[in-house]
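J.: Going down the list, the protein sequences come from chains B and A.
Under this note's numbering, the first residue of the first sequence is numbered 670, with each subsequent residue one higher.
Under this note's numbering, the first residue of the second sequence is numbered 555, with each subsequent residue one higher.
One or more of the hints may lead you astray.
[Unchecked claim] DSSO-like mimics (lysine-lysine), calculated; alpha carbons at most 30 Å apart, straight line:
1. 892(B) / 755(A)
2. 803(B) / 606(A)
3. 892(B) / 608(A)
4. 606(A) / 755(A)
5. 755(A) / 608(A)
6. 606(A) / 892(B)
Hints listed in this document are in silico derivations from the structure and should not be mistaken for laboratory results.
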Amino acid sequence: MGLAIETTGLVKTFGAQRAVDGIDLAVPAGTVYGVLGPNGAGKTTTVRMLATLLRPDAGRALVLGHDVVREAAAVRDLVSLTGQYASVDEDLTGEENLVLLCRLLGHRTPAARERAAQLLEVFGLTGAARRQVKNYSGGMRRRLDIAASIVSTPELLFLDEPTTGLDPRSRNQVWDIVRAVVARGTTVVLTTQYLDEADQLADRIAVIDAGRVVAEGTPGELKSSVGAGTVAVRLRDPEQREAARAVLATALGTPVRAAADPLALTARTPPGGAAGPAARALAELSAAGITVDEFALGQPSLDEVFLALTDRKEASAA
Amino acid sequence: MSTVTETGTGDAAQPVATGEAFHAALDGGPARPPRPSAAAASLAFTWRAMLKIKHVPEQLFDVTAFPVLMTLMFTYLFGGALAGSTAEYLDYLLPGIMAMSVVMTTMYTGVSVKTDMEKGVFDRFRTLPIWRPSVMVGYLLGDAFRYAMACVVILTVGLVLGYRPGGGAAGALAGMGLLILFAFAFSWLWTYLALLLRSEKSVMGVSMMLLFPLSFLSNILVDPATMPGWLQGFVDVNPVTRVVAAVRGLMGGEPVAGDLLWVAVACALLVGVFGTLTMRAYNRK
Ligand SMILES: Nc1ncnc2c1ncn2[C@@H]1O[C@H](COP(=O)(O)OP(=O)(O)OP(=O)(O)O)[C@@H](O)[C@H]1O
Ligand SMILES: [Mg+2]
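Excised from the complex, chain A in its bound form:
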C-alpha cells in the first residue's frame, strides 16, 4: 500500500508517492555505483553542453552568421587591394579568417563558464565525487563542436566564393582539426580568467583586450613582410601567427614541420599551465 500526499490543484496536483513506491525508489540507489571514470564524467558534461546548444540554439549565432560575415567582409574589403583578385587572396586569407573566427569565439567559453558558475547547479557539481576537471573539459569539448561548426561554415562560404584548398579534402580536414585542437587548448586561458575575475563583464572586457591584438597583429590579414620591423617582432612571437601558418600549410598542401611542432608544444603548454591554474582556482573557490 502506498500513501499518497493529498492531490489538489496547482503544481502539487500530481501526487508525490511517499509510501512503498517511494521507499522502492530510494532502494533503487542504495549504494552509489563505482565512481565514473574521468572520461565518462567528461562525456556526461559534454552531453550537457550539447543539450544547452539544443535548448538555446541562439548561441550558435557566433559560429554561423558571424564567420560568414567575417569571410565576406574581409574577402571583398582586402581581396582586390592586397592580392589583385579575390580568388587569389582567398588562398591566403581563408585559413586566417577561419583561425580568427575560431580564436575569437573561444572568448565565449569564459563568459559562459562565468555565467554558469554563479548558478546553484555548480554547487551540486562541486559536491560530486568525480574527476574534478571533467566539468571544464565538458565545456571545452562542447565548445569544440561549436568551433568545428564555424570551420565548416567558413569552408563552405570559401568554396562558394571560389576557394580550392591545395591540400585537398584531407588537407582541409587536417587544418581544421589542428585549429580546433589549438582552440581547445587556448580556451583554458578563458576558463582560468572566468574563475579569477569577478564579473561576466570583466571576463568579456579582458578577453577582448587580449584577443584583438592577438588576431590583428598577426599574419592573418596581411603578410608580415609589409610591416615595420618592431611590429614584425611581435607578430613573430604571437601564437596566432604560428597557428595560422600551420593551418595554412596543411590546407594549402605544404605543411611545415616546424609550425606543426610549434603548435603541438603551444597546446601542451597552454593546457599544462592554464589547465593547472584553472583547476587550482576551481578547487579553491
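Next up, chain B with everything else stripped away, as it sits in the complex:
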C-alpha cells in the first residue's frame, strides 16, 4: 500500500516557539489516520502545513506524492480541508455555501445547485438550507463543513477536530460520515483530543505533544504499550481504603492511586487484557471482606496516555 502522506523532520516556529518540532509521519493511503494531542500540541499547525496553508520552516512533506511547497497546486487538486474553526461562510446560507464551493470546483451553476441539494439532503440539512450559517448549531455547522469538503470527493481529507464541542448524537453522525468517506477510498487525516474517537475511527494514530510525535501505532499497539485501561473502584467504607489498595496492588501488579474522593481508588490495568486481572481483583476484594459499591473498567484517559508516554520517554533518556 502506498503512502498518502510522508513527512520528514517537519518544523514550524512562531517567534521563539517551536509549534511543530520535527514531525515524521507516514500515512498509508486509504486509511484513517488519527493525530492525537492536547491543546497546543501542534495538530492544527501540522495539518495547515500539509494542506499548503503554511510553509514549513524545515523538513519535507509529500502529500500524495507531491511536495507541499514546490507542488502546492498539485496538492490542492487532491485534498480538502475542514478546519478547526468552521471553514464555511457564516453570512451565507448553507445552500449558498455549497453552491459557491461547487462553482469554485468547476461545476456550472445548474449542476452546482443539483449537487448542493443532494449534499444537503444526505447531510440532513435540507430544512436549514436557506438559513444563514451563523444561526446553525455546532453540529449542523460541522456537517455543512464536511459536506463542503466532499463536494468533489477528494483523495485526501483533513478533518481538524471535527467533533470537538458536539453532542454524542452529532458526534456519531460525523463518525458515520467519516466511515462512509473512507469506504469510498479517500484517505482521512483526523485530529482529535479524544482517545476514544481515535480508537473508533483510526487505523493508525500518532500521539503528538509539544510539536513532537511521542508515540505512533495502531490503537491496539498504543493501548497495550500504555496499559489496557483503568480500574475505578468505589468503596462503601472509607476505613477500608488502605486495605483495598493493598489488595488491588497485588492483584493487578500496578500502582494504585487514591483519588481525592475518600471512597475512590483508581489503578491502571496491566498490559495485555484487563478482564482477567480485574475479575481476580474483584474476587479478592470480596474475599478480604471489603464492600465494593462500584467497580468499573475504563479506557486510559488521554491524560494517562500522555503521562505514561512522557514517563517512558524520560526513563529511557535517563
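Fit chain A with the ligands to the supplied structure of chain B, relying on the hints for placement.
T.: Leaving out everything else, chain A with the ligands in the frame of chain B:
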C-alpha cells in the same frame, strides 16, 4: 437499503443518511470536474460578495446615505461662498464629490478583506485549486457594484439640486465608468494593506491617514489656482486630482485626452504594483 443514523430531538433530528444514499452522494463527485477558468472563479467570488450585500444590507449605508450627506453638505457649505450660486458650483463640485465619496468608500474594501481573512472560510478558499487572485478580484468586483451605487445616488441628488451634466447622459455614464475603473484599481492598495497589517483597526487607521490628504489636498473642492505654490505642487501629483479632472471632463462634455491617458496609466500601474504585492502577500500567508 439505507441505514440512517438514529433520529431524535435537537439539531440531529433530521437524519443523516449514511447508507446507499450517502454513497451515491459521494459518487456524485467522484472526480473533480476541470478547474474553473480564472473568470469563472472570479465571478463565483463576485456572486459571494453580492450575497453578502443581500444578507447584510446595512453595509450599503456608506454608499447611499453618506454620499447624499456629502453632496448636500458641500453644495450648501461652499456653493454660495465659492462660485456665487449653488447651481454653478454644482457643475464643478458634483464630479469631485462623486470621486471623493467613491475613493473614500474604497477604504472599506481593506477592512472587509481583513475581517474576512481572519475567518476559517479563508482557509478553505486557499486550499482550492483555483486561480489565486480570484478571491480578491471577487471582492473588488463586488465593491465596484457599491461604487456604482454611490455614483448613481450622487448623480440623482445632483439632478434634483439642478445639476445638468454638459456631456449629457453619455458623458455622465462615461465619467462614472472611469471613476469606478479607477476605484477598482486603487482598491488593490487596500487589499495589500489588509494582508500586511495586523488588525482591522490599523487597516482603518492607515487608510484614513492616506485618504484624507488625497481627497482634500486636491482639486475636488476648490480650484488649485487659489492655493499657495507649495500646495499646488502636491495637488498636481495627487492621483485624485487627475481622476477628478478626467471625470469632470467627461461629465462636462469636454474630455481631455491627457487626463484620460493619465488615469489609464495610473490604473495599470496600481493593478500591476499593488495587485502583484497583494498576491505575493496572499501566497506567503
Ligand atoms: N499563527 C500563530 N502565531 C503564533 N503562534 C501560533 C500560531 N499558530 C499556532 N501557534 C502556537 O503554536 C502552538 C501549536 O498550536 P496548534 O494550533 O497547532 O495546536 P493544536 O494542537 O491544534 O491545539 P488545539 O487542540 O488547541 O487546537 C500553540 O502553542 C499556539 O499558541
Ligand atoms: Mg488545533
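J.: Run every hint past the structure and note whether it holds.
T.: These are the hints, each one checked on the structure:
1. 892(B) / 755(A): With a Cα-Cα distance of about 49 Å, the restraint between residue 892(B) and residue 755(A) is violated, given a limit of 30 Å.
2. 803(B) / 606(A): Distance of about 13 Å is within 30 Å: holds.
3. 892(B) / 608(A): 53 Å, violated
4. 606(A) / 755(A): Judged against 30 Å, a Cα distance of about 21 Å means the pair holds.
5. 755(A) / 608(A): 25 Å, holds
6. 606(A) / 892(B): 49 Å, violated
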